[in-house]
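Given next are the chains, with one letter for each unit.
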Amino acid sequence: MAITRYDITKSKIYPVIVLEHWLSIKTLNRLIGFLESLFLAFIIVSLVGSMILNKLNLADVSYWNHQLWFKLLSLLCFVLGLLIIMFMFRTYLRSAYYFENIVNNQYRGKDLYTFTVGRILYSAPKENWLRGFILSATGQTILHRCGLTAEKITDFLKTCPAGQLSLTLSAERVIFLRELADALYRENEEFSRWLYSVGIGETEFLQVVDWVVKGIENDELHDRFWRRENLARIGSLGRSWSYGLTPHLDLYSLDLLEQPAAQYSPYEVSFRRAEAAKIENILSRASEANVLLIGESESMRLDTLWALAKEIKRGTILPQLEHKRVLLFDSSLFLAGFKARADFEREVIKILDEAVAAGDVILVFKDFANFIQGAASLQSQVFGLLDPYLLSSRLQVIAAVDTDKFHRILESRSEVMTRFEKVQISELTAEETIAVILSNVDDLEKQSGISFSYQALRQIVKNADAYLTNGDLVEKSKSLIAEIVPWILKQKGKIVVGIKEVDDYVSAKTNIPTGEIKETEKETLLNLDKILQKRVIGQKQAVLAVASALKRARAGVQNQSRPLGSFLFLGPTGVGKTETAKALTAAYFGEENKLMRLDMTEYQDEGSLERLIGSFSNDKPGTLTNLIRQNVFGVLLLDEFEKAHKDVMNLFLQVLDEGFFSDMNGKRVNARNLIFIATSNAGAAKIWDLLKAGQDPAEQKDEIINLVVNQGDYKPELLNRFDEIVIFRPLGPTELKQIADLMLKKLAKRLEPKGFHLVVNDYLADRVSREGANEMFGARPMNRYIQDKIEQAIADKIIAGELKAGMSVEFTQPVTGQIDQFNLVIHQGI
Amino acid sequence: MGLTSTLVYYFWWHYTIALADLARNYAGIFAWLLDFFSIKHLLLNLALPWRRLGEGYPDHFNWEGFFAAVVVNTLMRLVGILFRLLMIVAGLISLVASIIIFVLIFAIWLALPFWLLFLFILSWKLLFA
Chain A
84 MAITRYDITK
94 SKIYPVIVLE
104 HWLSIKTLNR
114 LIGFLESLFL
124 AFIIVSLVGS
134 MILNKLNLAD
144 VSYWNHQLWF
154 KLLSLLCFVL
164 GLLIIMFMFR
174 TYLRSAYYFE
184 NIVNNQYRGK
194 DLYTFTVGRI
204 LYSAPKENWL
214 RGFILSATGQ
224 TILHRCGLTA
234 EKITDFLKTC
244 PAGQLSLTLS
254 AERVIFLREL
264 ADALYRENEE
274 FSRWLYSVGI
284 GETEFLQVVD
294 WVVKGIENDE
304 LHDRFWRREN
314 LARIGSLGRS
324 WSYGLTPHLD
334 LYSLDLLEQP
344 AAQYSPYEVS
354 FRRAEAAKIE
364 NILSRASEAN
374 VLLIGESESM
384 RLDTLWALAK
394 EIKRGTILPQ
404 LEHKRVLLFD
414 SSLFLAGFKA
424 RADFEREVIK
434 ILDEAVAAGD
444 VILVFKDFAN
454 FIQGAASLQS
464 QVFGLLDPYL
474 LSSRLQVIAA
484 VDTDKFHRIL
494 ESRSEVMTRF
504 EKVQISELTA
514 EETIAVILSN
524 VDDLEKQSGI
534 SFSYQALRQI
544 VKNADAYLTN
554 GDLVEKSKSL
564 IAEIVPWILK
574 QKGKIVVGIK
584 EVDDYVSAKT
594 NIPTGEIKET
604 EKETLLNLDK
614 ILQKRVIGQK
624 QAVLAVASAL
634 KRARAGVQNQ
644 SRPLGSFLFL
654 GPTGVGKTET
664 AKALTAAYFG
674 EENKLMRLDM
684 TEYQDEGSLE
694 RLIGSFSNDK
704 PGTLTNLIRQ
714 NVFGVLLLDE
724 FEKAHKDVMN
734 LFLQVLDEGF
744 FSDMNGKRVN
754 ARNLIFIATS
764 NAGAAKIWDL
774 LKAGQDPAEQ
784 KDEIINLVVN
794 QGDYKPELLN
804 RFDEIVIFRP
814 LGPTELKQIA
824 DLMLKKLAKR
834 LEPKGFHLVV
844 NDYLADRVSR
854 EGANEMFGAR
864 PMNRYIQDKI
874 EQAIADKIIA
884 GELKAGMSVE
894 FTQPVTGQID
904 QFNLVIHQGI
Chain B
621 MGLTSTLVYY
631 FWWHYTIALA
641 DLARNYAGIF
651 AWLLDFFSIK
661 HLLLNLALPW
671 RRLGEGYPDH
681 FNWEGFFAAV
691 VVNTLMRLVG
701 ILFRLLMIVA
711 GLISLVASII
721 IFVLIFAIWL
731 ALPFWLLFLF
741 ILSWKLLFA
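As given, the protein sequences belong to chains A and B, one line each in that order.
Counting in our numbering, the first sequence runs from 84 upward without gaps.
Counting in our numbering, the second sequence runs from 621 upward without gaps.
Calculated directly from the structure, the hints in this document are not laboratory data.
Among the clues, some could well be false.
Here's a subset of chain A near chain B, in silico, CB distances under 10 Å, partners left out [claimed, not checked]:
#: 1; residue: Gln403
#: 2; residue: Glu405
#: 3; residue: His406
No residue lacks a Cβ here, since even glycine has one placed at the ideal position from N, Cα and C.
Excised from the complex, chain A in its bound form (with noise of 0.2 Å):
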């Protein structure tokens, strides 16, 4: 039976959310503000009052004195009395709102819904139940988090649809927001399709309600400073003289424990708890009590450390580990202070005989690695000396170290896998990550004013994790919400981050058209084929396979776990494959130097793959990876992609298919935001077949394919991975010639900054595309015979003095006798 307005009044707080309807704490702070002014006001006026009547001396003075003092003390008696009456309504009322928002209230599973439950079914017109809360302060903050506003919000309450409700009020479980919010979702089909529209499903209104009913729940608790959480943040007095001074590691290292950043929130989300208890517990060993913190980005291991610290902090660790200080100590900082060998042994052995006599110390080491080779280069093996207090009770170490110098140094090294245990930490999903985000950008948010929606804040997750390269997704996306903020606060009038700002901060940062497609990139799109089709004569069917795949990618339809898009162009030498991926950079991405080119005749040997990944080996980061990191967004060209090594197409096989592939150090490198293009003379001479047989080779792809699969050139689960495969036909006379002609302006346009002018005629593109260009190479030798033929003679008649700034030059048919010649013409102006 679903709930009805008689239901409501059965609970325990209805009384006090009847009185809190009619006056609410704000109207109550505000009536108290009043009446405490107006008490102080009375007291003035009484004193003043008095002196002056004194100091007048007339007659019958003291009786109007004791007069006005009477209805003055009453007035006070009066205001007081009212003053105490607020008092004990705003208690009632915050003590019942307070009850309504923590976990452990009190009435909990005796009661039938939370406070703010209560307030929404109360205040629900004709028992509309979603009118009521989307009317409701909770409801509206919860639209506004969805990126809703105000006039979207009235907009919908004008059809506002009758807001059903199935769900019953029992005594055996109390109805939460949460619940509420879920069932309103559910069977208000208008709602959810209203929410939807802007992207919230129901999981992700959910999360919503979860958010701002946490944010609420922090204020509240916040300010109870008398709680014990909020009181434990004060610390203690007295503890530190129980351990000893550690003057001399002091000098270089940090305790965590004493930075802004250990000072937790006892209500925040925990953030590498999982990680921390594991170092608890090893910490908390007898012996050999040591963890060796093995973490990609020195953010998450020290994120591991803030966790840890919190916990000491907050009292909630194994008594072991009870008043612990967390040292964290800079290795590179120590070993700078050092030329030989002997003084570096020494002051290593009293800093840890320090930290042991002292008897309160976690000693970290921030780059173990390399504190060991450090050590190494002035001839010590330090690991020797660390190896007593390793395996005493008397010291507990952490160290800390990337997973590549992990795998480079430390793991093959038994002596220390025998002394620390690991604790490896892994990177946060995108989910997980916004977990933390949402519990984090509170604070940023009440410093700046700025406020973010969900959405906004999902996008920065998910812009961080695909066109940021440095660091874990965690510190991306917070770093980019640093960024945002001053961005954002620039703009006047702005206070509500969207998905928009998002999206137009992320563009304006990396270059990547993300978001909203803009009008002159809509231009540039919807004429993409026609634009390639000016540039790259005579491949129609190659340009519009190009062209649909990029306009797939930006609308956003592909595949995104996938590269933006990947061709193979199959086809003879000089036919515009090349000149397709150039075209396409130059449309797209404005500029031609975002193509990348990898000539893959160079990755044919064994060592092939490491040179493209980096080399584990000797420390050498890999072409890809470089050519790759720097240019998140782009095409990237693999010329003559037949000839690389089997290794390299193996890559490929897991690069074309997933968009992203491992390092030699084992960390991803995304190329989910790339063009790749792969060329190919394979099958070349079957399409020369297929022409001289009077067939167009576009048509007879599958056999052009089946050729190339048979012949070994390519596996066939390569060439499925790739999205499209272009044929490209050889070019004919007339094709030939436009390119010649294109070429020939080329030169041109290049000649005028320096005043000349060469006038390309019919005559001189048909015989540069005749003389120029051949069957073997296609369009290819055409820019080789103008440097010879039309350039060289350029040159040698301006060096002649012949040809000067201001005149025009024209290449015309010969005369008889010297066919093999150009007739040269110079003309006065222009």
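Guided by the hints, dock chain B onto chain A, whose structure is given.
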């Protein structure tokens, strides 16, 4: 729901849940004061040398070194005991003060509705005095 029933609920809350809350909150403050002045910790480590400072005993026994170590270590322990005792006393004073304040607040809370009544009656009487 009328004003009367709201008031009835209020007074029920005032003398049941609110009192329980007050007591619970005070228990939290009391526990925190114990923790803040580290009373248990200081008692357990009362005789430890101040900041663990002290003189090591000589590797090869000699009277001079031995007595020097004994004197320094005894002094450090005495300093430790003195400071710890001072802190413990400060903590105990704070605890006693907190108990007195809690009893006062408890009493004020119990009498608050009566105070209210008294103030309104007084106000009425003074108005016509």
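Comparing the hints with the structure gives:
1. Annotation: interface hint on Gln403(A) violated; nearest CB of chain B at approximately 15 Å, more than 10 Å.
2. The closest approach between the C-beta of Glu405(A) and any C-beta of chain B is roughly 9 Å, which is under the 10 Å cut-off, so the hint is satisfied.
3. Hint status for His406(A): holds, given a least beta-carbon distance of 7 Å to chain B, under 10 Å.
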